[in-house]
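2 protein chains.
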Amino acid sequence: MYLETIQSPQALKGLTVKELPALCQELRTTLLKKLSEHGGHIGPNLGFVEATVAMHYVFDSPQDKFVFDVSHQSYTHKMLTGRMQAFTDAAHYDDVSGYTNPAESAHDMFNVGHTSTSVSLACGLAKGRDLLSQKYHVVAVIGDGSLSGGEAFEGLNNVAELGTNCIVIVNDNEMSIPENRGGMYRNLKQLRDTNGKAECNFFKAMGLDYVYEDKGNDVEVLVELLRQVKDTDHPVVVHLHTQKGNGYGPAMRNREFFHWGFPFDLASGQCKVQFEGENYQDLTGAYLMNQIKTRPEVVAITAAMPMTFGFTPAMRVEAGKQFVDVGICEEHAIAMASGIAKAGGRPVFALNSTFLQRTYDQLTQDLSLNGNPAVILVFYNGVYSLNDVTHTGFQDIPMISNIPGLTYLSPVTKEEYFAMLDWAMTQKQGPVAIRVPERVVASGQPDKTDYNQLNKYEVKQRGKRVALLGLGVFQAQAAQAAALLQQQGIRATLINPKFVSGVDTGLLESLKADHELVMTLEDGIMEGGFGAKIAQFYGDSAMKVLCRGLKKEFYDRFQVKPLLTELRLLPEQIAADILALLNSK
Amino acid sequence: MYLETIQSPQALKGLTVKELPALCQELRTTLLKKLSEHGGHIGPNLGFVEATVAMHYVFDSPQDKFVFDVSHQSYTHKMLTGRMQAFTDAAHYDDVSGYTNPAESAHDMFNVGHTSTSVSLACGLAKGRDLLSQKYHVVAVIGDGSLSGGEAFEGLNNVAELGTNCIVIVNDNEMSIPENRGGMYRNLKQLRDTNGKAECNFFKAMGLDYVYEDKGNDVEVLVELLRQVKDTDHPVVVHLHTQKGNGYGPAMRNREFFHWGFPFDLASGQCKVQFEGENYQDLTGAYLMNQIKTRPEVVAITAAMPMTFGFTPAMRVEAGKQFVDVGICEEHAIAMASGIAKAGGRPVFALNSTFLQRTYDQLTQDLSLNGNPAVILVFYNGVYSLNDVTHTGFQDIPMISNIPGLTYLSPVTKEEYFAMLDWAMTQKQGPVAIRVPERVVASGQPDKTDYNQLNKYEVKQRGKRVALLGLGVFQAQAAQAAALLQQQGIRATLINPKFVSGVDTGLLESLKADHELVMTLEDGIMEGGFGAKIAQFYGDSAMKVLCRGLKKEFYDRFQVKPLLTELRLLPEQIAADILALLNSK
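Residue numbers (my numbering), protein chains in the order written: chain A, 2 to 586; chain B, 2 to 586.
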């Protein structure tokens with residue numbers, strides 16, 4: 002057993018090269034045990050064990066700097082840099098995040114979770130090193146899937162001008178999350194097929210030096226290779242052909258499924274977690290497949306995450322040209338959607354809230370300024386969704402709802418979501434985004450709202466003195482708080498705003514007659530958000546406005562209940578605060 | 002004279018190919034006359050006359066669709082599509098915008114002004130065409146300078162998968178705004194040097210079909226070439242070697258200066274407009290050159306617009322490795338800046354407000370989440386700056402000031418700007434952005450503020466009843482309104498907030514004692530902006546908050562005074578509205 006003694010890069014260097022394969026095997030076994038019990042990024046880590054060991058064997062981290070793209074492949078790096086217990090001891094599994102994190106270790110350079118950033122970040126480290134006349138090596142790691150993001154291209158184009166040491170390891174496992182998409186990948190195949198010798202070479206065309214290694218999971222070969230390139234006095238691309246899920250049959254056979262997963266049975270590879278009931282991923286996929294079958298102009302678009310809206314491999318095939326995976330490149334997806342809509346098509350682009358951040362300018366200029374009726378489905382938003390700091394969906398409200406010409410809708414119920422989607426799929430007003438809730442709640446009541454009447458809120462209950470505006474999933478908090486207030490003899494007005502991006506001025510004006518307080522509840526950062534619009538509207542009136550939501554902070558791996566409690570977002574807190582305010586007069 | 006009769010693409014087709022060079026000469030002469038009298042994009046248009054004529058001669062716009070990148074080279078296209086008078090009649094020069102605009106003509110597909118979007122937009126048009134089983138040609142035009150933007154790369158990578166007609170004309174004039182930057186440009190040179198025959202070919206590495214033409218300003222050659230590629234049943238790159246500023250000596254010799262310019266003397270090429278007094282471009286450049294000379298860790302960064310912060314060609318040479326032009330790629334610039342700061346350097350990235358929109362995600366994830374102390378200078382913001390709808394700087398306040406961990410400062414005076422810059426250049430709290438005013442106003446008073454005390458507003462005058470918070474350039478409006486109120490016997494409190502991104506809770510709390518109204522004035526879109534934070538803060542109190550600023554709209558080629566009047570932002574309007582509110586109680 003090597004693992005017990007190898008808990009630092011320094012200790013690793015005490016081994017002979019011949020001992021490294023056995024160490025890699027132990028690391029892989031350890032990884033698999035934790036992954037099967039805990040879940041996480043499976044394929045990317047299993048495929049990068051050998052390269053990580055070789056990196057730490059040849060370089061001297063943290064003096065030398067490693068930058069991992071997305072950093073979802075950094076588990077072995079964590080094991081070798083003082084964080085082994087988080088992989089061997091179930092009680093400590095959650096001691097580490099799933100990504101690099103400078104707060105955890107000096108060996109981690111950046112908090113990273115989005116793709117395509119490592120080359121630019123590494124280019125910056127190398128530039129800083131040179132400005133300060135320091136001497137160390139900088140190594141960026143980037144997967145083939147991440148190469149399709151524009152930021153990676155910008156990084157490669159610029160690192161080629163650096164003129165000093167910077168090593169870019171391209172971890173080519175022939176996969177993005179699903180299959181790679183884009184013309185560039187034909188060149189990567191050509192390079193793999195010719196052992197890196199094809200004359201037409203994407204990396205060389207970017208002005209970069211280049212070496213290829215087909216045995217990307219042979220640690221002894223990798224040590225030798227990295228020793229050769231280590232002191233290169235200019236940027237060099239080290240193109241490694243690796244096996245995603247290496248060493249674990251199920252993950253090698255079903256690479257998309259095992260990219261990231263919940264706990265699974267190690268022997269069979271079967272997922273151990275069963276999900277009950279409906280979910281918006283599958284419901285949306287089914288809805289869109291139906292649209293696709295009846296309307297040739299409809300096209301579903303993903304940026305390498307088709308399962309986000311339930312497009313299984315079979316559905317992708319069935320949809321044919323009406324399904325487009327653009328690869329990891331959200332900017333292109335928005336611009337292309339604008340073009341499709343301009344030409345009379347009806348594009349629907351579904352993605353995580355956090356990844357939509359890549360497209361602020363495209364949303365503004367390519368899409369909204371041109372008023373083209375594309376549909377954007379914003380999944381994985383709010384407190385009930387992803388909770389890694391790099392993947393939280395807390396900024397989409399301030400981001401989207403302050404862009405001119407873009408309508409942002411937030412449904413509460415399943416019926417409402419599909420009514421909004423029906424409207425979005427046929428309307429001609431301009432681009433529409435919908436904030437898809439994390440959980441399906443059906444009301445049983447059909448939604449007959451005419452969404453062509455923009456910014457018209459729904460009054461669920463008309464009361465007096467206080468109005469509760471609960472946006473999206475927080476309509477539940479509003480309704481429960483209203484019920485609690487009713488017990489205290491106060492019949493509150495309960496409003497479902499539906500429209501995040503606009504203000505129902507007529508309704509708000511009418512509340513002035515017999516209300517003294519309006520409370521807004523939103524599942525995102527409050528600053529620049531929905532409540533801010535309401536507060537601004539009522540600013541010069543006597544109406545008080547109390548806004549609740551998240552603070553302008555980075556939240557990492559929070560628990561929902563304590564967070565809501567801290568933010569005073571529990572129904573009993575909301576009711577109590579309203580009573581206190583009403584009684585303070 | 003051909004011009005008089007050639008006012009539509011249809012009329013153009015009546016000419017023989019042999020007549021086209023004479024038409025091009027007339028178009029160029031006409032262009033030069035308007036440009037010299039009116040200003041505009043000079044080099045890009047002069048270099049693309051022949052290609053535009055060839056496009057309209059061979060294709061059938063608007064049935065066939067042209068998408069121009071940035072569309073700053075679309076003047077000839079406008080002349081040939083019914084808008085000739087705007088180029089021949091000085092009284093009508095401003096009838097057209099400087100960019101394509103669907104409101105002007107059915108021949109214009111999109112409102113475009115940012116770079117690197119044409120391939121994605123065209124890819125969308127082609128996809129829409131295919132979904133609807135229609136038949137027409139789609140042509141994207143993109144300059145070599147625009148190729149460095151990640152969105153262009155994403156577009157090329159994806160259009161390669163389209164499988165149907167889409168023609169990408171690469172207008173390679175060997176220049177961005179200044180020189181091109183990036184390893185890719187070595188490959189473009191190699192392709193030019195080998196007449197397109199080099200084996201290593203960036204476009205082929207992207208999976209694209211490719212043809213090269215060295216005579217990119219020979220209209221007869223171009224007509225023949227476009228006829229050959231017109232009906233290609235798959236995407237094809239047509240790489241044209243053109244001459245920026247073609248046919249006008251001064252523009253061919255000084256290509257950076259003549260990229261865009263004010264009116265100039267046609268004979269000498271001398272700019273006719275003289276600017277008096279100081280400007281923040283030159284002042285900032287001089288400041289940074291001084292920093293660069295004394296601090297090796299300081300590095301000035303531009304994305305192809307060095308003159309934005311006054312870096313002349315001579316200063317770029319003098320700054321050496323401490324000046325970096327990344328080319329047109331703002332995303333990389335932010336990520337690299339984060340890396341530089343992490344490594345101990347002090348990067349300063351200056352750019353237009355509108356182009357910072359490209360970096361919302363990089364500002365959030367690559368930079369702010371990592372807390373690295375990079376400095377961002379946001380030029381060309383607000384109503385006194387650029388007024389083309391694609392270039393207005395109205396969104397930076399809502400965009401930047403709601404991102405966690407990012408400090409956004411808005412100076413009023415020259416002294417304040419440099420005090421903020423001094424602080425930003427040395428502080429360790431995290432990333433800092435500064436909103437650079439359009440005009441230099443010196444107070445003569447040194448600014449001794451300790452900016453380490455975040456979110457501390459400056460009280461310029463303490464009064465009662467009403468407080469005016471005038472952000473940045475609108476501090477002038479606030480001060481003038483306060484003076485008018487003084488005449489009415491009301492001594493207002495006058496506050497310079499300085500910090501756009503945060504709230505001075507202590508000060509605002511203290512105002513509750515003897516104020517009943519707070520008015521905020523901001524030079525940007527109000528929704529999600531500064532005033533919204535103040536309104537939100539005071540929401541549950543008796544304090545009234547009146548917010549003034551721009552509406553959430555796209556403003557195009559507005560005049561400042563009428564716009565301010567419409568928004569009730571003139572000092573006399575502000576004072577009158579305050580009086581009305583105070584008296585309404």
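Watch out, some of these pointers could steer you wrong.
Ranges between beta-carbon positions, derived for each pair [unchecked claim]:
#1 Lys190(A) - Glu567(B): 54 to 64 Å
#2 Gln430(B) - Gly321(A): 33 to 43 Å
#3 Lys190(A) - Thr165(B): 49 to 59 Å
Derived coverage of chain A by chain B (criterion: at least 3 residues anywhere in the stretch with Cβ under 8 Å from a Cβ of chain B; other residues may be distant) [claimed, not checked]:
#4 151-163
#5 178-186
#6 475-486
#7 551-563
The hints are simulated quantities; they were obtained by calculation from the structure and are not laboratory data. Virtual Cβ for every residue (Gly too), placed ideally from N, Cα, C.
Review point. Which hints, by number, does the structure contradict?
Key: 2, 3, 6
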